[in-house]
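Asks: The chain contents come next:
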Amino acid sequence: MTLLCRMLNLRVTYHRQASAALDLSALDITAGERLAVIGESGSGKTTLARALAGLLPETARCEGEIRWTSEMPPQPGRDLGFVFQDPSSSLNPVLTVGEQVAEGARQHLNLSWSQAFRHARDLVASVGIPDPDSALNAYPHQFSGGQRQRLAIAAALSARPSILVADEITSALDMVVQAQLVALLDELVRQAAMTLIFVTHDIALASGLADRLVILKDGRLVECGATAQVLERPQSDYTRALIASHRTLSSRSLLPGSAA
Amino acid sequence: MTLLTVSSLAKRYVSGTRPVTALDDVSLTLDRGETLGLAGVSGSGKSTLARILLRLMPADGGMVRFEDDDWLSLSGTELRRRRARIQMVFQDVLSAFNPRATVGSVLDDPLRIHSRLKERDRRTEIAALLDRVGLQAALVTRSIHDVSGGQRQRVAIARAIATRPSLIVLDEAVSALDVSVRETILRLLVELQQERGIAYLFISHDLAVLRAVSHRIAVMDAGRIVECGPAGDVIERPRSDAARSLVAAVPRLVIRG
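Chains as they are written, first to last, in our numbering: chain H, 928 to 1187; chain V, 397 to 653.
Everything labelled a hint here was simulated from the structure, so no lab data went into it. Be aware that a few hints might be false.
[Said to hold, decoys possible] Here are the simulated distance ranges between beta carbons: (1) H/1156 / V/508: 53 to 61 Å; (2) H/1168 / V/648: 13 to 21 Å; (3) V/425 / H/1019: 45 to 53 Å; (4) V/465 / H/1153: 58 to 66 Å; (5) H/1042 / V/637: 38 to 46 Å.
A virtual CB, placed ideally from N, CA and C, is assigned to each residue, including glycine.
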C-alpha cells in the first residue's frame, strides 16, 4: 500500500467565519483506495474535497499541510478529476459537450483537437451516453440531469487522472439514476485503477462503493476505518446514530398501529 | 371517507419542439387523514400532478373532486376562498419563499389572506404555529435565509397548516435534509396528521422515506400510474418494472468482508 498523501493539522477557515470549516489533525490517503467522506451539512466534507483538489477559494485561510508523496501536488484536471454536485452549473452552457470533454485531453495529453475529439467520443460512449457522435455537438441543456452528470464524469476523466474526487454527485438526482451513476463510477474507477474520494451524506450509498470510510462532524474527524469495521463496530456515538437514522425498506413505519 | 378523487387526468406540453405527455389517464383517490406516497423517477409526472391539484397549472382533461367540489372548475372568489384547503410544501424552500421574507411574515401571509383574525390574534396564532412545529417564538423576526435548512422546512410546514387544510402536497419535502433532521420532520408530519386528520400526497423518489409515512403507495412512470397498493405490498412485491427499479435503487448498508 503506497501512501498518496498525508494531511497534518489541516485547518481551513472561510472568509469572515469565526470557526474553522475543517479541522483535521491527521488523515492519510492510500494510492488506489476508495475513500468515502461522509457527513451532514456543515461537516466539512466538501471543504476536505476542495482542499485536496486545490480548489479552495483564495479568501479561505488554509493552515497545516497536505503532504503529497509525489514531487508535485496533483494538478487539477490532469492528475486529479473533480465531479461536482450540480452538473447544470459545473458544465459550461455555451460550449458543446465535445469541446468540454476534449479540453482536458487536448491540454494535458498533447493531443491535437481532432485526436482529442476522438478521445472524447470514446469517453462519452464509455459513460453510457447514446449516440456519442451527435452528443459531441450537443449542448449540456439538451441532456437530462443524469446524463449531464455522466458527461461531467467524462470531462473529469478526460486527461486520464489517477485521482477522482466525486462531491455529492448524485444528490440532485433521483434514486434510480443515482444507482446507475454509482455503478458507472464503480466500473470506471476499477478499470483505470484510480484513487476515488467519494463525498456523500449517505452512509449506505458509501458502503456499497468504498473500502474505507471517514466520518466528519462539524469540521472534525469523528471516525475513520475500513468500511466493514466502521459499520459493524462503530466507535463513536455519532456514527452509531448515523447508521441508526438511515432508513431502509425494512425500517419500521412511523404510522401508528403499523406492525412493520 | 374520500377526500380527493382524481379521474383520467391528462396533461401535455411542448418542451422545445418535442411534445411531452406529462400525465396520461391518471386516476387516484385519497381518504381523509390518509397518506398516499407518490413514487417515480424524475420526469415521471409527479410534480405536474401536484401543480394541477394546487391549481397552479391547468389540466388538458380529466376531473378532480375535492371536498365535494368540482375542483378544476372553481374560479374567482370561490377558488381563492377554497385554496386554503390544499397546501403544499416544496423541496427547495429557499426558492419557494420570498428571499426578503421573515419567519413571521411567511406565517402571517396565509392568516391575513385566509382567516379573519385581527393583527394581535394573528401574532398569537403565529406563536402557536411555531410552537407546534417545534420552533422558538423568538425566530419570528429572523430572515428566512437566516435559519437552518431543518428550521426552514419546519416553517414551511407551519405555513402549510396555518390555513387548516385537509390536504397537504409534500413535493420531495425531505429530500434535501440531513438524515437526522429528516427523521424528526417525518415524525412531526405523522403527528400533525394524527392530530388534525390531514391527508398527505407525499411525493418522493425515495421508497424508504415513503415506506415510513405512507398508508398506500402509487408508482408513476412516463405520466401514468403503473401500480398502486398498500405501502408494504408495493415495496415487498412490486409488480411493475418502474416499482421494481425504484425498490432496487434504494441503497443498502453493505457490509463486505
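Asks: Hints the structure violates: just list their numbers, smallest first.
Replies: none
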